[in-house]
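Residue numbers (the numbering used here), protein chains in the order written: chain A, 1 to 229; chain B, 1 to 391.
Since the hints were made in silico from the structure, they are not lab data. Worth double-checking, as some hints may not be accurate.
Calculated pairs, BS3-like style, for lysine-lysine (alpha carbon to alpha carbon, straight line, at most 27 Å) [to be verified]:
# : chain 1 : residue 1 : chain 2 : residue 2
1 : A       : Lys196    : B       : Lys342
2 : B       : Lys184    : A       : Lys196
3 : B       : Lys73     : A       : Lys196
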Amino acid sequence: MSSADTTEAPAGELERDDAREAVVERFRSELGDAVVGAHVRPGHAVWVRVDRGAWREAARFARDGLHCAFFDFLSAIDWLPSPFGRDMDSQEDRIAAGDTDGSPAEPTAIVAGAAGGDTRFQLLARVYAPTTGTAVILKADVPDDDLSIDSWVPVYAGANWHERETWEMFGIDFVGHPGLTHIYLPGQFEGHPLRKDFPLLARRVKPWPGIVDVEPMPGGAGEGEGGEE
Amino acid sequence: MTAITDREKLAYVAARAADGRINIELETEGMTINLGPQHPATHGTLRIVARLDGEQIVSAEPICGYMHRGYEKLAEVRTYPQVTTLINRIDWLGSFANEVPFILAAEELMGIEAPPRAQWIRTILFELSRIANISLFLGDLGIQLGGLTVGFYAFRDREYVLNQIEAATGGRFHPNFDRIGGLKDDLPKGWIAETHKAMEKVRRFCDEVEDLLIGNEIFQTRTRGIGVIPGHVGLSYGLSGANIRASGVDWDLRRDSCPRGLVYDEVDWKVWTHPDGDSFARSWVRLQEVREASKIVDQLLDTIPGGPIMAKVPRIIKVPEGEAYVATENPLGEMGYYVVSKGDLVPFRVKIRSASFNNVSIIPWVARGLYVPDLVTVLASLYFILGDIDR
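Chain B extracted, bound-state conformation (with noise of 0.2 Å):
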């Protein structure tokens, strides 16, 4: 190396003087921008009020609530049993994983536990509405940073999960399938068979993602470094679910705190976790998640007990006085209940504490000084469904 001359030094201290000259000249007023409600960077209905400093977001600011439904209110005048109707349209693409930790809480409050058939069925269906939402997931992102492809194939590999949950239970997107104590019905015949080939094709899904969107170099320079957001960062605004382990913490409900009447003990499987922290580990971890749940339907399949599927219930289904909070390893994060019961037909009150309500929480801090096309980026990895947020 050789020293810096002076006139090195001259012509550096002018070119930044030029650069702050073009600065002042071009200063803008600052922008307000709006994405959403109605936006193709947005999932559903979510608004972004964006003030701009040119291309750089000096705030954001979520604003949610165009789809408020109020099931807090409305959990209040229906029947335990009613409620699971509700509940299936938080997080409407993996709906039955909304009704078992509401489920969990009522049997944690009676004391029943669901014979271990029903506990079997209901963490394979737990799973497989996993990787219908997070595939879904896979696809979106594809979409939103321009690879098609990956939307399609997504959208295609999705139907078989969704048409095994419907020979399940009937319903693709609202089972409404859970019932305290276990479960409305037992598996059709050749179910098991079927739901193994399906696996097959969820694993061949997610090596084609991999090759297409994971690997892919554009998706790489559009994720890495963007929108990184610290362990303890996301600790602290509630972040859960695979937000969390892509920032380094290796924290999983199923493993963890596995509430009594799930069966994640009984399987092999593992908790990916990513250092990174930004988009592309967000991505990342929840790729290996679909892949993990594949694994753990097809070990639990193979294990499946016999019995009944139904514990002894009252013919009317009245909670004890009680309080108690269950939550679980939903897609999206932790998704828990908090019930409150005055020994009644109907919960006292019900908190829900969904998982994209705090996970969007944190937009505002990690918007901050990003550019507006990676916002897309980081709203995409940070996945919400609306109707999560809302409630």
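One chain only, chain A, in its complex shape (with noise of 0.2 Å):
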């Protein structure tokens, strides 16, 4: 049973994972304090928060000095919690979900997840050592006044696809990149369909039907799921 040794942790369980915690500290040792901050999830991944400064120095770092010779993908979060979110469009859900009072959702502040962040914009990217196995995800945040950041594709070519992805999706632009031009939508195209607040008109016409379709599992929980409305 060899599956077994990846196994032994269920997913969340605190343990220790010596081989992501040395990523870590090699990133600390080469960028100092450029890195804002880290988090491993034992037998999972490592993150490396970096000063949006240090973006494209960690890229070269985790390149020549970790030999993540892989790009693996490049792209960004927006952490805004959405105002136009599920659970003001479609009142079924709420109520599935257990949430029987019919009044739009509170907005919520912005929480950042793994290595935390600052801003609303945060650059996610990952790279990965085929010889090692090494991989790491790295973020940095990018503030609302000033949407931009090194280019990656002095360090990884593959970047520029990417970038130009993240460019016309959520705005950000990348100082350096040899041609920022838009690869999915149309060279017209108005706003930057990833971000929170870029409404999802197919949604705002017509509700998703929601919840209420969802077969039952089989062997799931309980009987005569079909007659719960």
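Two chains, two separate frames, one set of hints: put the complex together.
Have a look at this one:
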């Protein structure tokens, strides 16, 4: 049962992951104060959040220092709680979730995820070392008043298309990118679709039927689910 | 060897000068041609704008987005079980394989593990979608190079695998069969024996392809040394799967970082690599992958454990707060989902890392200096699915 050695601890259980902690240490010793946050999920992944100014430096260190030659992906997260949340669109879902009063959900404050965060937009990238198996997820905060960051294209050629996608989807500018043009959207498209405050028009026009359509789970919880309505 | 005489030297210089004169006289402006969005050499709606100097490509810029459906945005307004319906349609030839990493990411966040029987069946179906996907690739490769026979054989033999997928899941192309905590249903009666038979047919198909296509002299001349991608360049562009293994990088996620919930550790199989990095190597590695996949399926079918196919999961799935990235080795390469959950019914953000997006982004690099007919073999051997580029 060789699958057992990776499944000893259920996900989320606290347990030390020395290999991934060491990656954080390497980043701290190389970049110093530029590492502003780190998080290790034992047996799963390591996150390192760096200062915006050290974004390209972090990539270069990951490639040269940690042998992460493989560029995996680059994207961003908009941490703004959606003003058009599912709750506002589809009441059935809220009732199914046990939330029975019909009032719109209160907008909540921005809460960042793994490795923390201070700003609404956060850059997200992952690189991997095929030789050693080291993988690291890098993050960087981008302040709202200056949505720009250094491009990774000089370090990883594959970042080119990913940065073009992030640029059009989130409106984050990449300094030093050889040609930020639209990749998916038509050239005259206005707005940045993956921002949380960009409305999804399909959902505005017709609310999703929602959870009432979900089929019963085989062997799942309880009988007579069909009559729940 | 006799010494080169002055006369020969002069003849050489004169010949070079004549060549140069012809080049100047025939100098063209440089031409821009459009391959696609509807073009036999591109699968689906990828458009390539190539600037030519004579027959050689100076620059080639793929233009995608004709099929962009915005799954990352749509996933933010669907519950976790509903998202699998969308992501089935990313790589539509190996749909089941698309569902798995997303489900595994959700399971990782919820701390659930599917029962062993479900893990086995998942892995079997995963490999079946790989076979269905790549056998069509092999057929398509033949069609692109004028060998239509292979194409018909591929469509014929893929049916055996699709029939098995359909028998188990009810869907030929979009099974939507994977569930958080297990699978929708158990296998039907007699399925295991039938699948063994189908695997025999797959192996016979591989032998046929080897005879008809890979061993074919015309095929070899058109693919050997064409579109060479060195390993380090491929890695920096994020090439994965057979494309990077064909460049000599011995890396397979199934073997090296098999995520919890798939059972590749239980079987005996081999990761094939090829040192050349050309179109031929990419085709050859994929052919071996089909063979290995059929072996994996055979072994798993023999060792499939009993028991339930669904873990205990809540009636309404709420995924606890957290972030997870799970990637698997899909037919096209690494496919992963970065799932951010806020403890809600719906994911807060889903970043879909699809293999073809990175695989195609190398085209401007690899196409430079190629001849136009060679671009066709490079595109065919890089192997992309439009839905996997545009998401």
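Please work out if B:Lys73 and A:Lys196 have their alpha carbons no farther apart than 27 Å. Satisfied, since the Cα-Cα distance of roughly 9 Å is no more than 27 Å.
Does the structure keep A:Lys196 and B:Lys342 at a Cα separation of 27 Å or less? Given that 27 Å is the threshold and the Cα spacing comes to 14 Å, the pair holds.
Verify the proposed pairing of B:Lys184 with A:Lys196, using a straight-line Cα cut of 27 Å. With a Cα-Cα distance of about 33 Å, the restraint between B:Lys184 and A:Lys196 is violated, given a limit of 27 Å.
Violation of the numbered hints given earlier is confined to hint 2; every other hint is satisfied by the structure.
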